[in-house]
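Colleague: Sequence:
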Amino acid sequence: MKIAVIADIHGNDLALEAVLADIASHGIDDVVNLGDHLSGPLNAARTADILMARDFPSIRGNHDRWLITKEPADMGRWDRAAHDELQPHHLDWLRTLPPTLVHRQELFLCHGTPQDDLIYWLEDLTPEGVVHMSARRRIEGFAAGIEQPVILCGHTHIPRAVHLADGRLIVNPGSVGCPGYDDDEPVFHKVETGSPDAAYAILSKADGRWDVTFRRVAYDHRAMSRLAHERGNKEWTSALASGWLGD
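Numbering (my numbering), first residue to last: 73 to 319.
Just so you know, the hints here were simulated from the structure itself, not pulled from any lab data. Just so you know, these numbers come straight off a predicted model, no measurement behind them. In this text, a Cβ means the ideal position worked out from N, Cα and C, and glycines have one as well. Just to be clear, a hint being listed does not mean it is correct.
Beta-carbon label-pair distances, calculated as ranges [claimed, not checked]:
(1) 303 to 142: 19 to 25 angstroms
(2) 142 to 198: 38 to 44 angstroms
(3) 177 to 100: 17 to 23 angstroms
(4) 217 to 279: 25 to 31 angstroms
Between the sequences and the hints, there should be enough to build the whole structure, so can you do that?
Modeller: Okay, structure coming up:
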């Protein structure tokens with residue numbers, strides 16, 4: 073059994089198409105999607121059209137939630153850019169997505185943690201805003217009560233796999249469409265993957281054991297960087313060009 077895991081597309085339709093082509097090249101037709109589908113200064117509407125046509129098992133992320141709960145005037149820059157492109161049927165689709173989901177009885181899907189789509193699960197921050205791997209006790213604590221052997225999360229855009237003491241596997245597949253960002257909450261920090269490639273993961277099960285392979289897929293990231301530049305977003309311009317935010 074093989075299942076592809078995608079997350080944090082953020083309206084990057086070219087990255088999504090490249091990832092879907094790579095998934096197809098591996099003969100995989102089972103795909104799950106961990107949210108934050110559309111927000112960003114790119115091609116939100118076309119990304120929504122692709123995802124709606126594919127109808128993957130999907131959950132909503134924090135940005136998806138904000139797109140359907142906030143007034144446009146109250147939205148952050150990423151969400152407002154996407155909202156201005158989207159049609160009512162795109163927002164109706166986002167409203168159908170649950171915050172968590174169980175797939176094939178063995179995979180538990182969430183965006184941040186099972187309890188909160190804004191919390192980093194496998195990473196944490198120092199008071200100075202340095203991103204680092206979270207403590208084992210903290211990671212284990214968020215997994216309490218989940219029965220499935222594989223737990224999937226997104227949100228931080230950082231590919232990572234962690235084996236829990238009881239044998240369960242937690243996987244963040246990385247971000248399809250946004251290789252770097254900064255955030256002011258809970259303290260200012262940067263997340264930079266150092267690569268402009270699209271990222272996703274492939275889960276495979278053999279002899280009762282689940283394993284994960286992380287994939288990076290090249291695509292025309294410079295075209296998306298130029299689009300972000302045209303739309304006046306310096307952060308996205310740099311991240312899409314290189315995987316770094318610059319100074």
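Colleague: Going back to the hint list, which numbers does this structure go against?
Modeller: 2
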